[in-house]
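Sequence lines, in order, name chains A and B.
With the first letter of the first sequence counted as 1, position 83 gets the number 82 in numbering that gives the first Met the number 0; the numbers rise by one all the way through.
With the first letter of the second sequence counted as 1, position 331 gets the number 330 in numbering that gives the first Met the number 0; the numbers rise by one all the way through.
In case anyone wonders, no lab produced these hints; they're calculated from the structure.
The C-beta atom is built at its ideal place from N, Cα and C for all residues, glycine as well.
Incorrect hints may have been included.
What the hints assert, rightly or not - Which stretches of chain B does chain A cover? Using the computed rule of at least three CB atoms under 8 Å from a CB of chain A, they are:
(1) 45-51
(2) 265-275
(3) 315-321
Protein chains: 2
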Amino acid sequence: MSDSPDVETLAAGVLAGQRRALARAITLVESARDDDRPAAEALLARVMPGAGRSIRVGISGVPGVGKSTFIEAFGLHVVGRGHKVAVLAVDPSSKVSGGSILGDKTRMEVLSRNPAAFIRPSPAGRTLGGVARRTREAMVLVEAAGFDVVFVETVGVGQSETAVAEMVDMFLLLLLPAGGDELQGLKKGIVEIADLLLVNKADGDLAAAARRTAADYRGAVRMLRPANPPWKPVVEPVSAQTGAGLAEAWETVERYRRTMTEAGALQRRRAAQARAALWTEIEEGLRAAFRDDPAVAGALDDAERRVAAGRAPPAAAARRLVARFLAGPRFLAGQGDPR
Amino acid sequence: MSDSPDVETLAAGVLAGQRRALARAITLVESARDDDRPAAEALLARVMPGAGRSIRVGISGVPGVGKSTFIEAFGLHVVGRGHKVAVLAVDPSSKVSGGSILGDKTRMEVLSRNPAAFIRPSPAGRTLGGVARRTREAMVLVEAAGFDVVFVETVGVGQSETAVAEMVDMFLLLLLPAGGDELQGLKKGIVEIADLLLVNKADGDLAAAARRTAADYRGAVRMLRPANPPWKPVVEPVSAQTGAGLAEAWETVERYRRTMTEAGALQRRRAAQARAALWTEIEEGLRAAFRDDPAVAGALDDAERRVAAGRAPPAAAARRLVARFLAGPRFLAGQGDPR
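The shape of chain A in the complex, shown without the other chains:
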């Protein structure tokens, strides 16, 4: 990161709620450069005590459901209730480079101009894990900067919903006024992780269909085990266009937070998420070191092929590869010992 201010100045700016400092701080944690990492981690450690006080809402839905329009309308409603709203995104398919092209901003023009809102487009990244980590870290920064409502948007590609569900307090799924999951193009398991399902476009010609779809999903959801007891998933029609149902949706978010907090479930969920994130990071670190190991690389391709073809048992192949890895020299002499 060229021309970067020192960590202390940046941290102070973030904690004071300065938008410019916040934007630079996010760019720093999103940087793919290894030499930016120590500063990014120092910054996060520094502002962490100021984070954690928002309600974190994941928002997903298939393309065409009107997600941007919904987030803009919902965000403006929430801002109107006196909150500060940050919108982050998890999009492992995004080609936008780390925060320098604010492509998403044009999608939510009115909200993005509101001083109580902060919209950050998807960080670029090759892996979902990398993108998820950066979003998790950006969340810490926007919270430290005083945003008390965080929307984490997912594009609904790959496993991004699960990744988002693992970093938020509540998962909101936008539905179309249409048939079941298959017709909607919804992914397997996605309905089951939703705490609030909103059937969008409940206006004009589609109002009746939206109500019907909501009733159908209400029936289906009753058959499923709730993701976050004691909370029972809620299904409602909504219109981002007319604003109908937005106030009720926000009340539901607040009720969710209250219910979960009183049961101690929100606290437990966050602790479990943080522990899981630690292990995900550990496993990614180990896997990266394993994949990058020259002694492993060639043998790995061959083993994968043979195992997939049913010609070699997975356990034996894995044991041999791991033994190769563990036997190799990890750090060159003279590079120092990080212990």
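Once you've looked at the hints, dock chain B against the given chain A.
Here is chain B on its own, set in the frame of chain A:
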């Protein structure tokens, strides 16, 4: 494993379909002793070309659904159609030691005495990963011994259903004639991975309730995205007691196999499962080495506590722990290099 015959003799016995050799072979792959592992892996590699030709069906359901009675009645029906049926189990909570106490046999007395059936109780093991691996390996052995239908039973504890779904061709879920998932005590996500849902106890007083439950689930399942396209999940009432619906259930299994095979989906599913198993084994190997590392152990507890409390960012904590691990000596000098 005391008194073990050599691998070649054992492999020949398994491939010839000798039950005694098969039982000993399974005991060998289930052995928790590190020094049994080379022989186990050699045996698996040796019989692997004879495996892979069965239809693998995972069977799950909450306690009280009548799983043993169902598997016995269903197994006898399938044997009656000229097949050879093996029943394996994944039960991470099992205290039964590796195959020496055949506790489960008493559960399926008639089936277990049938010469065309082979029932093996759960291997003991502390981790689901370990238990799943042993079941996966036992499956290779029973297939090599000529069993062309394999039922993998799960007790419905922990994540065992997912583990089973990841090693079978088809997932069969037994339901009670009762309300939705929550009432049934079903786990989140379990309905979504099922290819065939059977509402058991469709006899006597419960026949009407079973039909109603089947209709309810049929509606719910239609709202969900199928786990294995082009297959669409089927829901039917069945009675293990009277045998009603068992023939239809078996026809559905055969139809599933045909549909999936013709679409190339079964082949793809198996290749993906094998690759995933390889990576699971690699990751378990890396994780075990990491956890056992003396330089990591103490720091890990502290890091987990701080991260869970929201006092430290996961990525930084993970990076430090992994660096410690990679910097440490892996093999003592003089123990040889496994490359």
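Here is what the structure says about each hint:
For the region 45-51 of chain B, the proposed coverage by chain A is satisfied: 4 residues have a C-beta within less than 8 Å of a C-beta in that chain, meeting the threshold of three. Coverage of the region 265-275 of chain B by chain A holds in this model, with 5 residues showing a Cβ closer than 8 Å to a Cβ of that chain against a need of three. With a cut-off of 8 Å between beta carbons, the region 315-321 of chain B has 7 residues touching chain A; three or more are needed, and the interface restraint holds.
In summary, this structure violates none of the numbered hints.
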